[in-house]
Amino acid sequence: MSSPATLEVRELRKVFFPGTANEVVALNGIDLEVPAGQFVSIIGSNGSGKSTLLNAVAGTFPVSAGRIVLGGSDVTKQAEHVRSRMIGRVFQDPRAGTAPSMTIEENLSISLLRSQRSGLRRGVTNRRRQVMRVQLSRLGMGLEDRLKAGVNKLSGGQRQAMSLLMATIAEPSLLLLDEHTAALDPKVAATIMELTAAIVIERGLTTLMVTHNMELALRFGDRLIMMHAGRVVLDLDEQQKSTLKVGDLIEKFHEVAGEAFAVDRMLLE
Amino acid sequence: MQVIVSSALEQGLIYCFMVLGVFLTFRVLDFPDLTVDGSLPLGAAVTGALIVGGHSPLLATTAGVGAGLCAGLVTGCLHLLLKSGESDSTNYGPKLLAGILTMTALYTVNLRIMGRSNIPLLGVDTIFEKLGKLLSLTMIGWNVVLAVGALAIVVKYFLDWLLHTEFGLTLLATGDNEQMIRAMGTNTNFTRIVGLSLANGLVALSGSLVAQQQGFADVGMGIGTIVAGLASVIMGEVIFGLRSVSWVLFSVIGGSIVYRLLIAVSLRLGIAPTDLKLLTAALVVVALSIPTVRRKVVRS
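Residue numbers (this note's numbering), protein chains in the order written: chain A, 31 to 299; chain B, 93 to 392.
Chain B extracted, bound-state conformation:
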């Protein structure tokens, strides 16, 4: 049981950066960004290729995040090109298409970066081993949880600070009422691109850490990222609540952990790993349709 909890915590924390990224796009920017299915393996691919190439894991991780930032930038620019002149913030077509295009293009980019579909990272120094050597600890189990947990807290407080700055307010307002914030002199094309870039940088950070923790980067590891991220965001919001921006960032991290715990328990109960994506999709459908169903029931 303890193993399940610690490995779920580990997974939940490693993936929480991705979930924070999905939260930024879906909730803060009101931009359902599908880039994440490509930017997660992008982070892994860049980090994997650099580590295997003999570079330091810290540099490799940073470069992975940088690549994610660029992926978000591309999606933001594509959205600018695809949306027709007059801005209609409820028009999700161009937003979805921009993400799909980047995600698809990234499949090729990721294969090119890796040179093959899978890079094993066994027997090379990852950021976890480096940190272990530095602290003279074996980086397994709870030690990984603590290390990644500390990084999660740093990132959480960074986002908390950012969203409370002047720029952060315009970022929040871009997703909440674009017409208003434009009338207040904010270039929403700029805020949206910065938000998308930041979000995908976070997703790539998760990808980079996943690769280093599981010991390989794989071109297919991003499939279903968006759905897992959304499931985590929704569960976090439902279980821990939305009181304030600071609070909801914690909720979302909590959602990531609960989601991975649920996955671990499902596997323990004998559900095949290949069936998990269907279950996750079903979970999101149920969670998203509860308000609609409830309204219908109340009306009838």
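Okay, chain A solo, but in the shape it has when bound:
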């Protein structure tokens, strides 16, 4: 178990396919300091680099330049699975966060083991079952009575709720949410978002949430960041963003980015 940590990103650059005709500068010098416990929403049009930023922090690929410091230690060169012990992640695809042919209790046991090395002790224990029952009952989906059910029997919303629980159950230093409600139907998406906010606030988790949905970004989180062409173009604190409407945000973008905004891509759901 670890406690929420400060995230520092310094002059981060990521170039895909360098030196070829397909060269893409996905991150073009990102500077970001997120204090421990802050909940940051990140918006931006397609290709602005917001998902790339999350993946770079998670260590999915090596970065081209810059530094990533988590909880005071430089993790820039750390392998993905090592960093993952401190970082919880929820992906857009509800299928991505759980192992489908394994049971609910097996999946949650894996997530409870995240911060430690897995050994030859029994994986699913009664003590772990107790912890998961308590946590599952908070989802209000009745999953606590179906511990031995296969995850592939669950709906998309239930699977995403489980993904969220699995990402947060071992108290990560940092939580990364990559459009984690975008693939769900509106009602389920709203439930998952409320659940996310409740968990993040209760645990005081340092959180980065990427979203296409400007209303979500305005409503949730203590800070709002807008990205464009691999840079942070707008950075609003809680007070500044509390007075904003979606329309203002679009206008702000025009001001800062100074080019036509792909409104269609950012339309509210």
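Hints were generated in silico from the structure; no laboratory data involved.
Everything numeric in this text was worked out from a predicted model, so none of it was measured.
All C-beta atoms in this analysis are idealised placements derived from N, C-alpha and C, irrespective of residue type, glycine included.
Check each hint, because a few of them may be wrong.
Not close to chain A: a few residues of chain B, all C-beta gaps over 10 Å, as computed [stated by the list, open to error]: (1) G145; (2) L238; (3) V319.
Keeping only pairs whose Cα atoms sit at most 25 Å apart, straight-line, the calculated DSS-like set for lysine-lysine is [stated by the list, open to error]: (4) B:K175 - A:K178; (5) A:K183 - A:K217; (6) B:K248 - A:K107; (7) B:K388 - A:K183; (8) A:K282 - A:K271; (9) A:K275 - A:K217; (10) B:K388 - B:K369.
Starting from the known structure of chain A, arrange chain B on it as the hints suggest.
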């Protein structure tokens, strides 16, 4: 009839370790591992060479298994070298190639170990004769079935235990959702290598026992192992079901026995032994295409 049943049981149990290995790679790790065509004769070659060299059959069998573990390790490392940086678990190219390379290399290794293409093990003490002397029994027919059956049960419960440990859960998840388990802090390169190694150790155990039971090790005895293993796994799953990990391990052993029974009956019906590989391949094709065909029929 009784002879057919007992010899099919014997064969099914001797080969069930190989089938468990194929189950581990194909089903648990989602890694179609072709190494097995080489690691089965590897187990036989190492055991045969050591027994003929005057070593104890127990040591020879253990060394055979050890060689299989190494073969799996090599395939795992080759896969690491061949796959491009970003991990895409559905990219089977590097997995297949890694297995093919090890399998091909093992042909030479096996010939080198044996020094020739065939080592007869008649008139020397095999592990079966040793056990027979120990228990004052003649190790033929049902006695072999019981002895190998006991070993199968031990191995089954070992795998059952392993797959229910913390490490076992990460092994299962590596084949089920690699992205998830990496995000949970598991080094899937490590779990995959351990799984491949273990699987090929099991395959080599079968090879070692086959050589000692049939009385020779032969460099060509591994041809078609992967297809026979797959056929056994599929038949076991279809006939006995997949209820849970513990259950499916039994199903797979059952599949191995049913497969050998089918072979024995085919031979009895007058099918030439050389035609069996084609039949087995056809069986796998039919079994694997049933879901696809059914879907097409339902749609139209």
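A quick look at each hint next to the structure:
1. G145: 35 Å, holds
2. L238: Holds, because the least Cβ-Cβ distance between B:L238 and chain A comes to about 30 Å, which exceeds 10 Å.
3. V319: The assertion about B:V319 holds, with a minimum of 24 Å to chain A.
4. B:K175 - A:K178: 35 Å, violated
5. A:K183 - A:K217: Distance ~20 Å between A:K183 and A:K217 Cα, so the pair holds.
6. B:K248 - A:K107: Distance ~41 Å between B:K248 and A:K107 Cα, so the pair is violated.
7. B:K388 - A:K183: 24 Å, holds
8. A:K282 - A:K271: 11 Å, holds
9. A:K275 - A:K217: 22 Å, holds
10. B:K388 - B:K369: 28 Å, violated
In terms of the numbered hints stated before, the structure departs from hints 4, 6, 10, listed from lowest to highest.
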